[in-house]
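Next come the chains, spelled out residue by residue.
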Amino acid sequence: MESHLEQLITCPVCLDRFKVPKILPCQHTFCLKPCLQNLVVDKKIRCPQCRSTHFLPRQGLVGLPNNLTIISILDLPSSNIVRKKDEVCQECQQENSKPEKCSHCERKLCRDCSTAHFQHLVHSLARSLNQVRKHIPKVSEMITELEERQVKSVSTANSLKSEVNQAIERCVNELKNRQNILLDHVDLFVGAQTRQLRVEQDTLEMELATLSSHCEAADKKCQFFSDASKGNRSENAAEVVRLMQQSQEHLRNIKSISSGIDDSIQRAIKFHKDGENALLSNASAFGEIAYSAPSRLSLSLGSDPVLNDMEIDRAFAVEHGRRADQVSSYIPSFTTPLFDTPTLAVSPAPSPDNNSLYGSSGSTTNSPRNQTNAFVPGLSNGNPQRRRRLVRQRRVDDGSERISSFLSPENDPSTRTSLPNSPLLNSTTNDPRWLYRAKGPVKRWFGSKGSDVGCLNWPRGVAVTPNDNIVVADSSNHRVHIFHTEGEPTLTFGGYGSDEGQFDCLAGVHVTAQGWILTADRYNHRIQIFDSMGRFIRMFGQEGSGEGELSYPWGVATDNMGFIYVCDKDNHRIQVFTLDGQFIRKFGRIGTHDGQLDSPQYLAVTHDNKVLVSDSGNHRIQAFDKYGRFLFKFGREGSAEGQLKYPRGVVVDYRGNIVVGDSGNNRIQIYRHDGTYLSGFSSWGPAPGQVKGIEGVALLGNNDIVISDRENHRIQVF
Amino acid sequence: MAGLPRRITKETQRLLSEPVQGISATPDENNLRYFHVTINGPKDSPFEGGVFKLELFLPEEYPMAAPKVRFNTKIYHPNIDKIGRICLDILKDKWSPALQVRTVLLSIQALLSAPNPDDPLANDVADNWKRNEAAAIKTAREWTQKYAMSGGQ
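So the protein sequences, as listed, match chains A and B.
Going by the UniProt record's numbering, the first residue of the first sequence is number 1, and it counts up by one from there.
Going by the UniProt record's numbering, the first residue of the second sequence is number 1, and it counts up by one from there.
Since the hints were made in silico from the structure, they are not lab data.
The structure presented is a predicted model; accordingly, all values stated were derived computationally and were not measured.
Glycine included, each C-beta is placed from N, C-alpha and C at the ideal position.
Be a bit skeptical, because a hint or two may be false.
[Unchecked claim] Label-pair restraints from in silico Cβ distances:
id	chain 1	residue 1	chain 2	residue 2	range
1	B	P19	A	T69	26 to 36 angstroms
2	A	Q37	B	K138	47 to 57 angstroms
3	A	G689	B	T103	26 to 36 angstroms
4	A	E100	B	R85	22 to 32 angstroms
[Said to hold, decoys possible] Listing some non-contacts, in silico: residues in chain B with all C-beta distances to chain A over 10 angstroms:
id	residue
5	K10
6	K53
7	L91
8	K92
9	N116
10	N132
11	W143
12	Q145
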C-alpha cells in the first residue's frame, strides 16, 4: 500500500517526490521544476506520458493548475518520513528502516512491509484453503453421483435381466411352437401312413379270406372227385379245369403280394436336424451384454491422482449433459439401448440367420454375402436407432467371436479404460515416459515374403481389432490378412481385381469400434468396408479430384462419432465421409504452410477428435480439429531426436501420446500429446527389432506397438 | 559521482535491485552514465540462446534526451546495422522523459522478438528478410551461434 502511494507521489520524470505538482490537460502530473520547465518548446509542451501536445496558458507553466490531490497526500504527516541513507526496503523503496530478510521470498523488507507481506501470505493461504474447500462439494457430489450410479446399476441389472429373460423366453416359445408344428407334422405324416397301411392290411385280409374259402371249396371238390363213380365225368373235368384256373390266378396274386410290402411309405418320414448345430451355436452365442464406453467419472476419481480442473469439468459436463459431442463417448452405453428401445440388445428380429431358426428345413442356405448385404439398406437409412439395432444383431450373428471378447473384457479396448483394475491404470504405468522409454526390444515378429497363408508381400497398413487381433493390409498379395495377437494367421480375404471385395494394392486399414474393417483400396481409388469376418459391406469413391473422389487413398481412420477420415494422398488432402460413404468435408491442399499437406499418408484420430496426419512430404505431423482447422505441427526434416524423414504410420494411445513410424529414418518415435518428443527406437536392418521401411503402426490393448515392416515383409511387435 | 542527477542514481539502484528477466545493466566504474548491458535472445526467436552485449550511455540532457544505445555483439537483424546502431523510434523522435533505461532495454528485447523489415536500418538484411524469411532466420540463427554464444565476440 505504502509503495503504491509512494508511486503516486513520484514524478515519472525525475523519479523523485513531486515538487509543485502541475497537472496537464491530459491529466498527467509532473514537477514544475525542473521537469516541465525543460520540456517547453515554443509555448507548447508535449506530455512525457502520453505524448499529446498542449498549448501553455498565457502565464506559462505557472498557469497550469496544481494537482491538489497529490499536494494533500504530500502534506500527510506519514509521508514526511525522514529518509536515512540506509538499506532500501525492496517493497516500498523507503530508505528508512532496517529491512530484514523474509524467510519466504528472500527479499529485504522493512517492518511495516514485512507485516503486510506476512498478512498477505496468510491471506493467500486462506484463499487457497477456500479454493480447496470449494472443490470439496464437487468431490462429495461425485461420491453421491457414484452412489446413485450404484443404485442405478442395480436397477439396470434388474431390467437387463428381465430383458434377457424376455428375449430368451421368446426364443424358447418360438422353439416350442416349432416343436408343436413338427410334432403335428409327425402326426400328420404318420397318420396318413398308418391309414395307408391299414388299407393294405384290409386288402390283404380280404385276399386271405378269398384264398381260404377257395382252398376249402376246392378241397371239398377234390374229395368229391376222388370218388370217380360220382357225377358226370365231363362236367367234373370242366369243374376241375375251372378250379385249376382259379388256383393259378390266386397263386399269381400271392406271388405279387409276397414280393414285399411297399416300404416307400415308411421311408418318406424322417426328422432332419441339419440346422441344429447352427441353431445351437446361435443359441449359445445369442445376445451380448456389452460395455461400450468408459465412465469418465470413476476413472478420474479412481486412478488419476492429479485431477486437474479440466478433467473435473469434463466429468461434470457428462453428468449434466452439456456438450453432446464430448458426452457421447463417455456415457455408459448400456443406458442407451435400455431406455431407448426396450427390446434392443436381445430382440431376435427377423434377419437371414434368424429365419433359419424358423425355416422348415432348418438348414442354413443363405450365402454369406447375402447375409451381409441384407443389412445394408437398414444401415444406410440414417436412423441411428435402427442402425444401432442392426449393428447389435450383426454382433449376435458372429457371436462366436463376440463371446470371446465378452469373456475376457480386458481385451476389449472399449471396456478397458472403464475397469479400475486394468493393468494400464496402475500408478507406475501412468507415466508415459515409463511406458515408452522401456520400448525397444522386439517382443515378437511374424510373416515372411510369400503369398501363402501367414506370408506377406509388402505389408502396409496395420490395425488392431477390439479383441486384439492384428489386421494387415497385405498390399501386393491384394488381400487383408488377419492374425491372432500372437501371430497365428486366422483369416484372409480379398484377391486381385476391381470387383466388390477385391483389391488392387490396398494401403491403409482401420478397424472401427464395432469391428468393421475399412480398407483404402489404393489403385482402385476407393474405400471398401467389411465386417469382422471379411464379408463385403459396401464401398465408395472413384478416381478424381472432386468432392468424394479419391486419388491413391492411403491411410484411413474413424473418429468417435463414426466419421471416416481418408488420406487422399495424391490430392494432398484429407476427406471426411459418413460410415455409408457420403462426402462431408475435405481439408488441406498441397503446400508447406501450416494446414497445407504434401502427400499425407496415414492419420489417426484422438479420443477428443483431433486428427493427426503424417504430412509425409513435409516431414512433419500436423494436427487438425475435426473441422479441419490447423491446430499444431511437430517434426521437421532430419534424423536428430524428434526430427522426421517421410513419416508414415501414426497412432495415438488412450492418453494422447503419439506413436510415429519415422519411415525414412527407420525408427519409431513417440511424442507427447502436444508434440514434444518422448522417446524413439529401432534402426535399419533385417534382424528382428530392426526395420526396413515402416508403414503402418498400431497399438495393442496392452500398449504394445505393432508395426508393419514393409521391406522385411513382416509384422513386428514392440 | 558528484553532479549525477538523482534520477540516474535511482534508476541504477532499481536496475541492480530488481533486474529484468534476461537483461542486465551495470554502470561502468569510471563513468556512471555509461552502462554495460547484456540482453539474452528471446525465446522462439532466431536469437534464442544468444547473449548480446550492448553499451548504453546517458547524455548530459538525459532524461530530456534519449539514451544512446549500440550493439557490441554482431547481430543479423533488419533494424540493427553493421556497427550495432539500432533503428528504434523511442531512441529517436518518440523519446519521452517518462521512459527509462529499463523500458528502453525492454523495447530492444522486444525488437529482437519481432524484427520489422519494413522499417529497416540494414537494407540488405531487411531485403533478405522480406524476400526469403526462412533463409534470413537461418542466417540470424547462425550469426547468433557464431557471435553471441559462449566464446563469441
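Here's how the hints hold up against the structure:
| no. | hint | in the structure |
| --- | --- | --- |
| 1 | P19(B) to T69(A): 26 to 36 angstroms | holds, 33 angstroms |
| 2 | Q37(A) to K138(B): 47 to 57 angstroms | holds, 52 angstroms |
| 3 | G689(A) to T103(B): 26 to 36 angstroms | violated, 59 angstroms |
| 4 | E100(A) to R85(B): 22 to 32 angstroms | violated, 46 angstroms |
| 5 | K10 | violated, 5 angstroms |
| 6 | K53 | holds, 27 angstroms |
| 7 | L91 | holds, 15 angstroms |
| 8 | K92 | holds, 13 angstroms |
| 9 | N116 | holds, 20 angstroms |
| 10 | N132 | holds, 13 angstroms |
| 11 | W143 | holds, 21 angstroms |
| 12 | Q145 | holds, 16 angstroms |
Checked against the numbered hints given earlier, the structure breaks hints 3, 4 and 5 and satisfies all the rest.
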